[in-house]
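*Asks:* Using the UniProt record's numbering, you'd call the opening residue of the sequence shown number 1 and step up by one each time.
Simulated from the structure, these hints should not be mistaken for lab results. This structure is a prediction, so every number in the text was calculated from the model and none was measured. Hints may contain errors.
To be verified - Label pairs and their in silico Cβ distance ranges: (1) Ser229 to Glu175: 14 to 22 Å; (2) Pro96 to Arg194: 14 to 22 Å; (3) Glu118 to Leu231: 15 to 23 Å; (4) Ile35 to Gln102: 24 to 32 Å; (5) Ala100 to Pro132: 53 to 61 Å; (6) His190 to Ala31: 34 to 42 Å; (7) Trp104 to Leu235: 14 to 22 Å; (8) Leu115 to Arg202: 22 to 30 Å; (9) Pro37 to Pro96: 30 to 38 Å; (10) Ala226 to Ser252: 49 to 57 Å.
Positions of the beta carbon are idealized from the N, C-alpha and C atoms, including for glycine.
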Amino acid sequence: MPRSEPDPLAHPLHGEHTSHPVVAYASDNEADSYIEPHNHRRGQLLHATTGVMLVRAAEGSWVVPPGCAVWVPPGVVHDIRMASGPVAMRTVFVEPDLRAGQLWAHCQVIQVTPLLRELVIAAVDLDLDFAPGGREERLLTLILDEIERARPLALHVPMPQHPALLRTCRKFIEEPSQPVSVEAWAEGLHMHPRTLARLFARETGLNLGAWCRQARLLLSVPMLAAGASVLQAALAHGYDSPSAFTAAFRHSFGQTPSALQRSARGSAVAQDAMQGRDGDPA
């Protein structure tokens, strides 16, 4: 694995202060905390061993629940919002020219396999001054292999570039329980409904109904992972009944809201067990 020169302008907390082309670091974030818009010279894989993150960039928003990670390409400005529970964030930084053309050129949520999860956790503890050609380099190379072969997930809400439409979409994301119609949005934007429908499809690739449905479901994930009931999540995101919400959730994500909650609880229990095993005896 080729080495690059250290970046003297990189902030140490951003994990870019090493000459190694791949580096991992850990940070623990409080519930509801916020990381302001920023970017990195390197590509970044963001994975939470516990908790849920909402990552936003100009092209859209991505929900990152347990068992997933989001790839952020080099230079992409993004911010990160933690959900209502603590987030144990594990980050992998990758040199821009490494695996060129094989990693995504856009933000992408991926499924994190048990192997990739353990590799990232192990990489966090590596000495940054390791010699080339050893176990450390093989471990980091394997992380790249696992990222490349990871299954992409459609946990994305595309955002329009049209300024007025973007403001309306952001307002909806802040209040996803509000009723939606093309006519009401068109009136607020001073457009004919047909004009809005064409503009929305051109800007996002989706019609308004499909976009709102996808946004509602994605925004419900942090609430569910934090322990809210299916009924509470359904009502907070514009659904009249938990059965309709569950059917839409299963159709989009391939699992029920209850299954996601069990996965979130399992991740938290596993993390607690690891911390207990590694900590001082009681």
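*Asks:* Taking each numbered hint in turn, which are not upheld by the structure, reported in ascending numerical order?
*Replies:* 2, 3, 5, 7, 8, 9 and 10
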